[in-house]
Amino acid sequence: MSVTFTRPLEPARPLEYTHSDQGPADPVLGVSNLCKSYSHLTAVEQVSFVVQRNEIVGLLGPNGAGKTTTINMILGVLAPTAGTIHIAGVDLARHRSRALARTNFAAVYATLPGNLTVMQNLRFFGMVYAIARLTERIETLVQRFDLNHLRDTRCGLLSSGEQTRVALAKALLNKPQLLLLDEPTASLDPSAAQIVRQEIRQLAREESCGILWTSHNMYEVEAVCDRVLFLSHGKILLEGDPRALPGEHGAHSLEELFIRLAREPLHAQEHPK
Amino acid sequence: MRLRAVAGILLRQFYLFRSSPVRLVPTFTWVAVDIIVWGFLTRYLNAVTSHSAGATTHVDFVPSLLGAVLFWDFFTRIMQGVTTAFFEDIWSRNFLNLFASPLSISEYVTGLVLTSIATSLIALSVMLILATLVFGLSFLSMGLMVIPFVLVLFLFGVALGIFASAMVLRLGPASEWLVWPMTAFLAPFAGVYYPLSTLPEWMRAIGAVLPPSYVFESMRALVNGQTLSATSLLISTTLAVLQLLLAGYFFARVFRYAVRTGLLARYSAEATS
Chain V
84 MSVTFTRPLE PARPLEYTHS DQGPADPVLG VSNLCKSYSH LTAVEQVSFV VQRNEIVGLL
144 GPNGAGKTTT INMILGVLAP TAGTIHIAGV DLARHRSRAL ARTNFAAVYA TLPGNLTVMQ
204 NLRFFGMVYA IARLTERIET LVQRFDLNHL RDTRCGLLSS GEQTRVALAK ALLNKPQLLL
264 LDEPTASLDP SAAQIVRQEI RQLAREESCG ILWTSHNMYE VEAVCDRVLF LSHGKILLEG
324 DPRALPGEHG AHSLEELFIR LAREPLHAQE HPK
Chain L
4 MRLRAVAGIL LRQFYLFRSS PVRLVPTFTW VAVDIIVWGF LTRYLNAVTS HSAGATTHVD
64 FVPSLLGAVL FWDFFTRIMQ GVTTAFFEDI WSRNFLNLFA SPLSISEYVT GLVLTSIATS
124 LIALSVMLIL ATLVFGLSFL SMGLMVIPFV LVLFLFGVAL GIFASAMVLR LGPASEWLVW
184 PMTAFLAPFA GVYYPLSTLP EWMRAIGAVL PPSYVFESMR ALVNGQTLSA TSLLISTTLA
244 VLQLLLAGYF FARVFRYAVR TGLLARYSAE ATS
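These protein sequence lines are chains V and L, in that order.
Numbering follows the working numbering, with no gaps: position 200 of the first sequence is 283.
Numbering follows the working numbering, with no gaps: position 25 of the second sequence is 28.
Each hint should be verified, as a subset may be incorrect.
To be verified - Here are some chain V residues pointing at chain L (derived, C-beta under 8 Å):
1) 116
2) 120
3) 124
4) 133
5) 160
6) 162
7) 165
8) 166
9) 180
10) 183
11) 191
12) 197
13) 199
14) 203
15) 207
16) 213
As the list claims (entries may be wrong) - Beyond 10 Å from chain V on every Cβ pair, some chain L residues (computed):
17) 18
18) 22
19) 48
20) 103
21) 268
If you're looking for bench data, these hints aren't it; they were derived computationally from the structure.
Backbone N, C-alpha and C fix where the C-beta goes; we use that ideal spot for every residue, glycine too.
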């Protein structure tokens, strides 16, 4: 398959993150030269990027591109082979608990314990994150995500949309400076997905946090993300504004660009026309 | 260590027990069955030995056998209290939510141990009430020496529980089936119901590194009116503390391995297989 680009595709210039003492302008996430290798496989190779406050960054790529591996490393459940991760200025490798106290996440594959009710889950995780004035915080989130009528319902009995709302409430318990959302709308109907997207955009503004968002829904990415990173074979191939990138690379839409990159990223990179 | 996070782990288990009384039933059912079966067996043995021809002395099997059963069941409940609390997180696929949080390993394990103490105290109370009221077992007659016995069994139970949890973390959810019979495998070597001198040399060598073997030897000595060996108590306490430290170290090592290899990140998926 031949791929035509109006502008040669070059690997995205790595954004080197240099850690300094945290100030207000410091990124909430600084990833530098991140690598993850297994015995016969390099899942992530020299990935560097930053996420700023109030910014929503989309992490895109085909299945197996290294998105979830990257997210798992940022969440501290997977150790990088090389590279560093700073969350709000705190080195994750050296100060794991301190760094993870500044972040939180929601993912379709990490549902909350189904045998606890909504309130029990929020209290439990609130204590794990050692949230001050927990009852007050939970009430705010229950109202925000319209969970009042589900307070005493076990999470395992909730619909996908309701579970997503509870997961988002849990993800915001600690007012994270960095929020990781791995396909947060994957199991939602279009109406519920739109509400969740609006909520998240509002959150990024109000809570002044940075968001790293993965999704396979390119319409959603265009609507929500300020910037996207295209990941393929463990490397960042492209980076930029999701609304401008397709035009810059001769594609009609972000989805078309995604498909081209997913099918022949290495060919396109090595033999641009 | 953040006490609120530890309390969170304990609270989660409390919620589970409160919302599902079925979980509470096995906590005292098995020990009650054991006490009843062994209680009647000791009665029978007492009756047989006191009426046998030529019997010059009366042997009371109640403190030596029923007391041993009670102690061994307490130890088993402590061990299973730790592992069952750990399994709850496997069964509900909660690892990612837990370990992507600021929760440290020491906080998590402390929470498991506190849960185990709470459930084991329920079991111990049931055992004591049954053994004392129905079968006339008097622990007070052993005096204050019961306390160090219980403490050594507690420490070793916790150590074995942590070791078993680490083993399941390393080998995968299916290895849970190796954990349930673990205390039964140790019982023959620990000399629960008979003196260690009954065992062949190689079994005695294994028994010598098991703290419970000293506890049961000492208990039999006390029942027979002999004085307690301070050396035995010292050795068993030292062994139990050492094994507890080793178990904690082993868990931490396995956890680091799971983070390095990606085992922790994909554990949720494996838990469903």
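These are the hints, each one checked on the structure:
Contact between residue 116/V and chain L, as hinted, is not supported at the beta carbon level, the nearest pair being about 18 Å apart and thus beyond 8 Å. The closest approach between the C-beta of residue 120/V and any C-beta of chain L is roughly 11 Å, which is over the 8 Å cut-off, so the hint fails. Hint status for residue 124/V: violated, given a least beta-carbon distance of 11 Å to chain L, over 8 Å. Residue-level restraint check for residue 133/V is violated (minimum Cβ-Cβ distance to chain L is 20 Å; threshold 8 Å).
With its C-beta approaching chain L no nearer than about 5 Å, residue 160/V sits inside the 8 Å limit, and its interface hint holds. Restraint check, residue 162/V versus chain L: the minimum CB separation of about 5 Å is within 8 Å; hint holds. Violation of the interface hint for residue 165/V is found here, the shortest Cβ-Cβ separation to chain L being roughly 13 Å, above the 8 Å cut-off. For residue 166/V, the shortest C-beta to C-beta distance to chain L is roughly 14 Å, which exceeds 8 Å, and the interface hint is violated.
With its C-beta approaching chain L no nearer than about 4 Å, residue 180/V sits inside the 8 Å limit, and its interface hint holds. At its closest, the beta carbon of residue 183/V sits 5 Å from a beta carbon of chain L; the interface hint therefore holds under the 8 Å criterion. The beta carbon of residue 191/V is not positioned within 8 Å of any beta carbon in chain L (closest approach about 11 Å), and the interface hint is therefore violated. With its C-beta approaching chain L no nearer than about 6 Å, residue 197/V sits inside the 8 Å limit, and its interface hint holds.
At its closest, the beta carbon of residue 199/V sits 6 Å from a beta carbon of chain L; the interface hint therefore holds under the 8 Å criterion. At about 5 Å, the closest approach between the beta carbon of residue 203/V and any beta carbon in chain L falls short of 8 Å, and the interface hint on this residue holds. With a least beta-carbon distance of about 5 Å to chain L, the hint placing residue 207/V at the interface is held under the 8 Å criterion. A least Cβ separation of about 4 Å between residue 213/V and chain L falls short of the 8 Å threshold, and the interface hint therefore holds.
With a least beta-carbon separation of about 5 Å from chain V, residue 18/L fails to lie farther than 10 Å from that chain, contradicting its non-interface assignment. Not every Cβ of chain V is farther than 10 Å from the Cβ of residue 22/L; the closest lies at roughly 7 Å, contradicting the non-interface assignment. Residue-level check passed: residue 48/L sits 44 Å from the nearest beta carbon of chain V, beyond 10 Å. Residue placement check: residue 103/L does not keep its beta carbon more than 10 Å from all beta carbons of chain V (closest about 4 Å).
The Cβ of residue 268/L does not lie farther than 10 Å from every Cβ of chain V; its closest approach is about 4 Å, which violates its non-interface assignment.
In terms of the numbered hints stated before, the structure departs from hints 1, 2, 3, 4, 7, 8, 11, 17, 18, 20 and 21, listed from lowest to highest.
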